[in-house]
Structure formats: structure tokens, C-alpha cells
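Colleague: For reference, the chains in residue letters:
There are 2 protein chains.
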Amino acid sequence: MKLIARPIDLEVGGKNIVIMNKEDVESLGLHALDRVRLRYNEKELTAIVDETAKFTIKGEIIANDDVTNFFKLKGGEHLEVFPEKELESIVFIKQKLAGVRLDYSKFKKIVEDVVNKKLSTIELSAFVTALYTRGISIDEAASLSKAMVETGRKIKFPGKIICDKHSIGGIPGDKTSLVLVPIVAVAGLTIPKSSSKAITSPCGTAERMEVLASVNLSLEEIVEVVEKTNACLVWGGALDLAPADDIFIQIEYPLGIDPLLLPSIMSKKKAIGANYVIIDIPIGREAKIKTVEDAHELADDFIELGRKLGIHVACGITLGEQPLGHAIGPALEAREALLTLQGKGPKDLVEKATVLCDILFNETGQKNHGVALEILKSGKAEKKMREIIEAQGGNPEIKPDDIVIGSKFADIKSEIDGKVLWIKNSAIVSIARTAGAPKDRGAGIYLKAKVGDSVRKGDTLFTIYSDNYMRLNDAIYLAEELKPMVIGKHFEEKMLLEKVFSEVPARKTFMLER
Amino acid sequence: MKLIARPIDLEVGGKNIVIMNKEDVESLGLHALDRVRLRYNEKELTAIVDETAKFTIKGEIIANDDVTNFFKLKGGEHLEVFPEKELESIVFIKQKLAGVRLDYSKFKKIVEDVVNKKLSTIELSAFVTALYTRGISIDEAASLSKAMVETGRKIKFPGKIICDKHSIGGIPGDKTSLVLVPIVAVAGLTIPKSSSKAITSPCGTAERMEVLASVNLSLEEIVEVVEKTNACLVWGGALDLAPADDIFIQIEYPLGIDPLLLPSIMSKKKAIGANYVIIDIPIGREAKIKTVEDAHELADDFIELGRKLGIHVACGITLGEQPLGHAIGPALEAREALLTLQGKGPKDLVEKATVLCDILFNETGQKNHGVALEILKSGKAEKKMREIIEAQGGNPEIKPDDIVIGSKFADIKSEIDGKVLWIKNSAIVSIARTAGAPKDRGAGIYLKAKVGDSVRKGDTLFTIYSDNYMRLNDAIYLAEELKPMVIGKHFEEKMLLEKVFSEVPARKTFMLER
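Those protein sequence lines, which keep their order, are chains A and B.
Under the numbering used here, the first residue of the first sequence is numbered 405, with each subsequent residue one higher.
Under the numbering used here, the first residue of the second sequence is numbered 405, with each subsequent residue one higher.
Hints are supplied without guarantee of correctness; some may be wrong.
Identical copies go unnamed one by one, so any copy, or any two together, can satisfy a pair.
[To be verified] Lysine to any residue pairs mimicking SDA-like chemistry, simulated, CA-CA at most 20 Å apart:
1) K426 to I651
2) K513 to K550
3) K478 to F459
4) K854 to S830
5) K458 to R410
6) K828 to D752
7) K489 to I421
8) K406 to L477
9) K458 to I412
Hints are computed from structural coordinates only; laboratory data are not their basis.
Chain A with its partners taken away, still in its complex shape (with noise of 0.2 Å):
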């Protein structure tokens, strides 16, 4: 069937998507949601198949972006239209909602058809939620990580030792990485640091470090800085380093839930070339990770995970019941992290990111305990931090002073005295991301007292920082319905976290296979 192209600028992520007349559909003998095969100057593409009685008339056919980018489409050209035979990957998706294992050639077809954009929405999802309900083993998970990292970019450092480092997050405030990578950059290792931005915190990574420099780097750039600098602290997201994983999170994140966890840290760090990662695994009431033993068992996969990739892996679990450091928040988090390089920082962080680089040190053979530290407090991270930031076309002399705050702020007091007993992690997320954390840079919050910490009535518990007084106004009246630190007289006086009610597993019916 020949059908005249129409492009309409509709981005859909992750998919060719063709919206065509229901006769026309049906003259195929196709359904929506089926696909086809079009082709046009010698090119072909899967796409898949809208259907519409009014928004096309017969004969024409709608393409998305990613279908009239890839033909160069300008509208008019007359395109070739087949019905496409049933994918191979559906068979395998179905497989695995079935409770199969799959192999890597499964996962591979799977992962080529993801990132070729031929999977609809549906079909993406019961993958996701089969990873999710029916498990991965270890082989799968090695599987699907070479899978994610064959269908994307590499990069390679030929001769040197390649160093990354990945939280599996959680943590407000955890600025971690600002700290660690000049340090471990200054101790002669490499470590092309590539982050995210936040989905659902109030900063990433590559939030933090776009306050001191840019974080929009190519390959290339990033090739660049590395060979100067030995490393660098750039935004992940755009640089087709294991493209499927971007493709997966959108149908995670609507669902809170996160599968790909294994496969996709570590499909990111082969990407990268990486030898020796250290994972970080901080455990709390409200982090991701609630108790040691899960942590331990987690590590255990990330190591067995990195020897099947041939990466060393060693993982620190970390104390997760707190922000980390006083500030949340770009700027606020970015003016910290400096303050640290320069010796002024908290103790929390100063002592995580230090451990976290000792255990890397100790990992790649270099087995001086303290070193970091001495790193530290010797100026040089500092130095190669202010290096890093040029090399990605910063101020390098930027003082912790010049970095902007939000203009608009309020002081949230203490009404009792006493002690801080906890402080709910979720809570600080909320408020700052209501006064416009991370989208405004200069919003967050500044925390005066942490856990432990003795207030008297009237003392300031912590600080919140707005550009625009709405958000501000928002964040206050946040701030004081959720209590986000709890004060009282002794640790003992509050023994009820939540009440708990018990959930049945189910039983299955019969259940019919089509």
C-alpha cells in the first residue's frame, strides 16, 4: 500500500509511531498497535501503528518525529506501507512473563528493538513489569547489561585504570561525588564521571556540578577533559552510553518501580570503560535500602554482577537516616561541596566521601589507609577540582561566596526544646522540591540542626530558600504540616513509626495462555 506522508512535530520518546486512516489499517489487516514496515528511498523502518477515523483521511499517513527525522520526511512523499510479521522480541518479552530466564540472545533481540524504537508503550511495559514481577538472576541481569551496552556508544581510555563511582541514592543532600572525584583524580587514577539529573529528588549530581560548570559535554568533550584533568563530572543523559536504559526509565518512574536497577548502573560503567567502581549503599528508615542485610545482599549482586562484566566492584553501605552535610539544593549543595575541597565541610561528608575513596584506593591496589584524607586536607583536590571545572568551561576561581543563594528565605524555628530525634528524609525532599529545587538553582534548604543536636524553643531548625515568594509561601506551609525534624526530650519518648496492617499474597486462578 502507498500512502502520502504527513510529519506532525509529536515526540513520543523511544518510538516510531505512524498514525494512519482505520480503513487503511484495516485493508492491511491490522489492528491498532500492530506494526508496520515502511519504506522510502531505499530506507526502511518498523513503526508502529495508530489508528484514527478522523485526524487522517484515507491514504495518508502521519508520521512522528522520530519517523520523519529518520526519512527526512517533508511532507507529500508518497511511502511504501507493509504489514510487519510479528516481532521476535514479543515472543521473548512474553517468555519472560511467563517466569522464563532469558539468554543473552533474547535480551539482545529485546534490546535492539527497543532502542530501534519498534516496541509501543504496552509492549515496553510488560517488560518492565515482567523484570519486575517474575525476577532477574545474575546471568540475566549480566545479560541484559552487555545487551544495553552493545546497542549504545563506548568509550575507551586505552591504558589507564578506569575508576566510577554510583550511589544507589536516596540521600538528600548527598554531594558525595564532588568531593570524591578530584580526590581520586589527584591519587592518579581516572574517573569519567557521568551523572544524572533528578527525577524525583531536589538535585542530582549533574544538577550540583552545572552551579560551578557546564555538565552538556559530547563524547568527545568528555574524551577531552579526561586526558587534561584525569577526570570529569558531566551529565550522563544525552551521550547514547547504553540508550535502552533512558527508554526503560520512562515507563519506570510512572510506576515507582526500578528492575533494571543492576543492569543499568552497570551497563552504564562498561559504557564508560570503567575497571574498579565503588557502589555506595545507604541504608535507613526512609532510604531505599531499609536494613544491612538487604544492603549486603544487594553488594553481593553488584560484585558477582561487576565479575561477569569484568569490573571490579566494591560496595560501602553508608548511614542513610539523614541528609547528608546541611544543604539541599543546587547551589546551596554545590557551595558546600567547595567548602569541603577546602577543608571546611562537614564531618558526615568529609568522612563518606573519604572512606568511599579508600575502599576504591584499597580495591586498585593502592593500600594506604587515610589518603584520601590527606588528599583532602593537602589542598590538591581543591586544585583539581577548580582544573575540572575549567576544563568544562568554568569559573576556576569561583569562591564558595559567589555561588548564589535564593534571595527569598524563612526560618523555621523550634517550638520545644530538646533534641533533634529524627528528621524525615521525605519531608526535606517535598519542601525543597516545593520552593523549585532543582529546576530554580539557588532553592533548598539549609539545615541548622541534625540529629542529635540540642535546640532550645525559638532556635532556627533550618532554613528554606526560594527565588519567588509563592514557592516560598508553598514550602513554608509544607514545612509546617509535615514536621519534617522531630524534636523531643529523650530518643526513647517516641517508639511508633506507623502502624502496619497485614497483606495477603495472592493464590492464582487458572491462568490461560493465548
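Let chain A serve as the given structure and place chain B on it in line with the hints.
Modeller: Just chain B now, kept in the frame of chain A:
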């Protein structure tokens, strides 16, 4: 935030979608696929947000068909747009993903959000796959069925015994309903039969009946027809009976899974007010159910679910190794059904229809075995069918020869002497669909031989009918490739059905709950 509306004719099927500029989405603190609450003219609606950098400008909001129709938008209206809180139903979907049993109130919330078009494809897809991988208990199936009934329209026929029949399907040529419904009505029972259209088969009951009369009746018209004739044979797709089901089916189809089988069928029966239901479970190598044991298990589930919904259910496990009767395709099947009502039908069809009727008569307390066959032989069922055809706007005088069959046809002949050892149902389906069924009413297949029949070299095995030569040629080509009838000397000579390789079930790695 106030945005200016631009309606576009984009149908997405069961979802309220708005497309907003990326900057406006960020200003609301939202991401793509989050939800907004829209307010205009004192009406409110929840919609899913798609974001774009180009397709719409800042300050504008594009509304799809569902949103446009709800607010009666013409373009240029100022809609108030608020970020929507997380839906409670998403929490319940995540519980199901995690393997928790859901109760009625949770299913009700999910199904309400489904029919109110609040859930994105990702969330719908996660719910359907969670039901598939985690399974549903009978209590859950009952809760889900009730929720699906309560969120749609219902029919009542006060003071009558309402019967219904359903086949779980998969057998080409299964026109049993066209014979069973008039027999049941003659016996004094009421049977308002609604059916679906073919999705992957060459013909559904709605298409068969449509050859003889209109099947697109409103609920009011159905009540009229049933009051007149005690029966009807209509299309159930647009009646708004358990409408959530139609949305779930859109997700199930591309994945080829059917976890809602039980609630799907039983909610439609409950909504139509059925007291007694006979369910046909055909078994066979290529049927949906392969073994008698599986069929029993499924039958028990249906009966138990019926009990919880206040419906008496009986099941018939029937032979489904080959097509039923000789005819496959709308016109061919309608003709065979009419001939059967005139006493000139194939044995298997007569046997199946009357046996299922007798089970139903027994269930309702009329314990006379053989009554159904008597009614059929007496000609009363044919007379009743003509009443139904007339009430539904068809020609009550129609003769089998009046039904127009595809004008182009070809005989497929045996290449050897022997017996029909088996018939591949899936191949018959593919060939009939390639010939044009169900869209071309006259297209299909007429079997000249069935399993066990002796054939000589050169005898016609079956005839393919079509409305055009191109499709006929494609179907002939496919028939030669697939060889749907296997001819041999003895049943014992072809022992290998297919090769099977073992697949190992998955062990899970650590799974992080976000």
C-alpha cells in the same frame, strides 16, 4: 496555571490526554505522564500529560478527543490546569505488582480510574501484566467482576429467567450460538445474547449474525427485541456493559495474554442480568485449553466465580481438535447455521448445540434430556430464528441460497490417497483471514473433508472463497505453504508433533522497592 485550549482529533482509546509545552509542564513541577486536573465552565477532569518542545507553544494546551468532547471545546478557551495528586489506584496497582491480594474497594478504585480514563498506557499495562504474573484468586476475580459491572450500564428483565451462553473460543467455524439461542428461546427461557467481533479469528458471532440482521442495537432496542422474541443475537461492544473490559482488551491484545478471562466474561453476563450461564470449553491441541484437566480446573473457577456473583454456571467441555462444521467465514457460516436450523446441518454442530442446550435446560430445572434436539427437528427453532432476524431488522424469509458467498474461489486438492489425519486450526484461521474474512463477509473456507475422512489423490480437501483475486491468490499460496490438512495412511504414522526445548524458571535477584 491558565492555558489556552487547542482541540485536535486525536483518538487514543480510553485515555484523557493533553499535550503541553515542556516548560509549562516543568513549571507545574510535573513530568511527562504525570496527571493534571483541568477545570473549565465548572466542570473538572483529570488528564494525563504528554510534553513536547515543538508541537505546542508555551501557554497552549492540546486536548485529545476525549478531553475535547468532555468540555465541548472549540479552541481558544482558557482552561485552568492544576497538578493532580498521585492517584490512589496507582498505589493499589503497585500492591498487585508486589504480589498483594486486592479487595473489592481497591479494585473498584482502579476500575473507576480506568473507565474515567485517568490511567496511562504504562499503568494499564502494568495492571494487566501484574494480574497475569501474580495471578488472581477467585475472591479477587469476583471483586474485579463486580467493580467492572458497577462502573457500567446494566440491563434488567424483571420476572424472567435469564440465560446466557459463552464459548471461550479458539475453534474456527464455531457457529453454535446461532443454533443454540433460538432453541433456548423456544423452550421458554430468555436469552439476550451479546457477542464480540473477531479480533484474531476469521469470524465472530457478531459477524455471523450480521449477515442475517443488524447487530448494532442500543440497549433500548435490545430490550424491545427480547420482549418480542425472548432472545437476541447482538454485538456487545458498544453497549457500555462492563466498559472497563474493552479498555483492558486493548492492552491484552498486543501482548497476547488474557489474565482477565474470568472477570471479563462473567462481568458481561452479570451486567446483562443472567441467572443461568452455560460455558463451552473446547479442548484440543490447538485450542486455547489443551487438556481435560485444565478444562476442569477452569470450569471449577467459572462455577465458583458464578456462585460469588449469584449466577448458576454450568460448563461443557467439548472437542476442539478441528473446525466445527464445514464453513469458516461470515457468509459461509451464516448459511451453514441456517441450514442446520432447517435440519440439514453437520452432525458435530447439531450435537454440540443441542448438548449444551440440554445442560442449560437441566440447570434451569427442565430435566428432559433430548428436548433440544426435538425442538431443532420440529422446525420451531428455525421459526424462532426468523422472528429474531425480523426483530433485528433482517429479512425473515431469507433462504440459505440467498446468502452471497465470495465470487472468486479455488479448490485445494489432495496430492495423495489417504485419510485426513488432522487439521491445523491455526493454519485454517490464517488462510481464511488472508482470503479476506471477517472484513469481506463472503470470504472464507469450506471444508470438503474432515478428520478421519478418506480422500483420493485429486479430491478437493477444501475450497477457499474470496471477493478478489489478489487475496484469493495470497490465500492459495499460504494454503500450499501451511498445508492445513495432513493426509496419511494411518493415524500412527506421524508421531512427532513438534520439538520442545526445556526452559528454566527464573531465580530472582535482590529487588529494590522505590
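Colleague: Each of the hints needs a verdict: does it hold here or not?
Modeller: Status of the hints after comparison with the structure:
In the homo-oligomer, the alpha carbons of K426 and I651 lie at most 20 Å apart only across protomers (18 Å), although the nearest pairing inside one protomer, at 28 Å, exceeds that limit. In this assembly of identical chains, the alpha carbons of K513 and K550 lie at most 20 Å apart only when taken from the same copy (12 Å versus 41 Å across copies). Taking CA atoms no more than 20 Å apart as the test, K478 paired with F459 passes in both settings, with 19 Å inside one copy and 16 Å between copies. With identical chains, the CA atoms of K854 and S830 are at most 20 Å apart within one copy only, with a shortest distance of 15 Å there and 68 Å across copies.
Taking CA atoms no more than 20 Å apart as the test, K458 paired with R410 passes in both settings, with 14 Å inside one copy and 16 Å between copies. In the homo-oligomer, the alpha carbons of K828 and D752 lie at most 20 Å apart inside one protomer (17 Å), although the nearest pairing across protomers, at 70 Å, exceeds that limit. Taking the shortest Cα distances, K489 and I421 sit within 20 Å of each other inside one copy (17 Å), while across copies they are farther apart (30 Å). With identical chains, the CA atoms of K406 and L477 are at most 20 Å apart within one copy only, with a shortest distance of 15 Å there and 35 Å across copies.
In this assembly of identical chains, the alpha carbons of K458 and I412 lie at most 20 Å apart whether taken from the same copy (15 Å) or from different copies (10 Å).
Against the hints set out earlier in the document, no violation occurs for any number.
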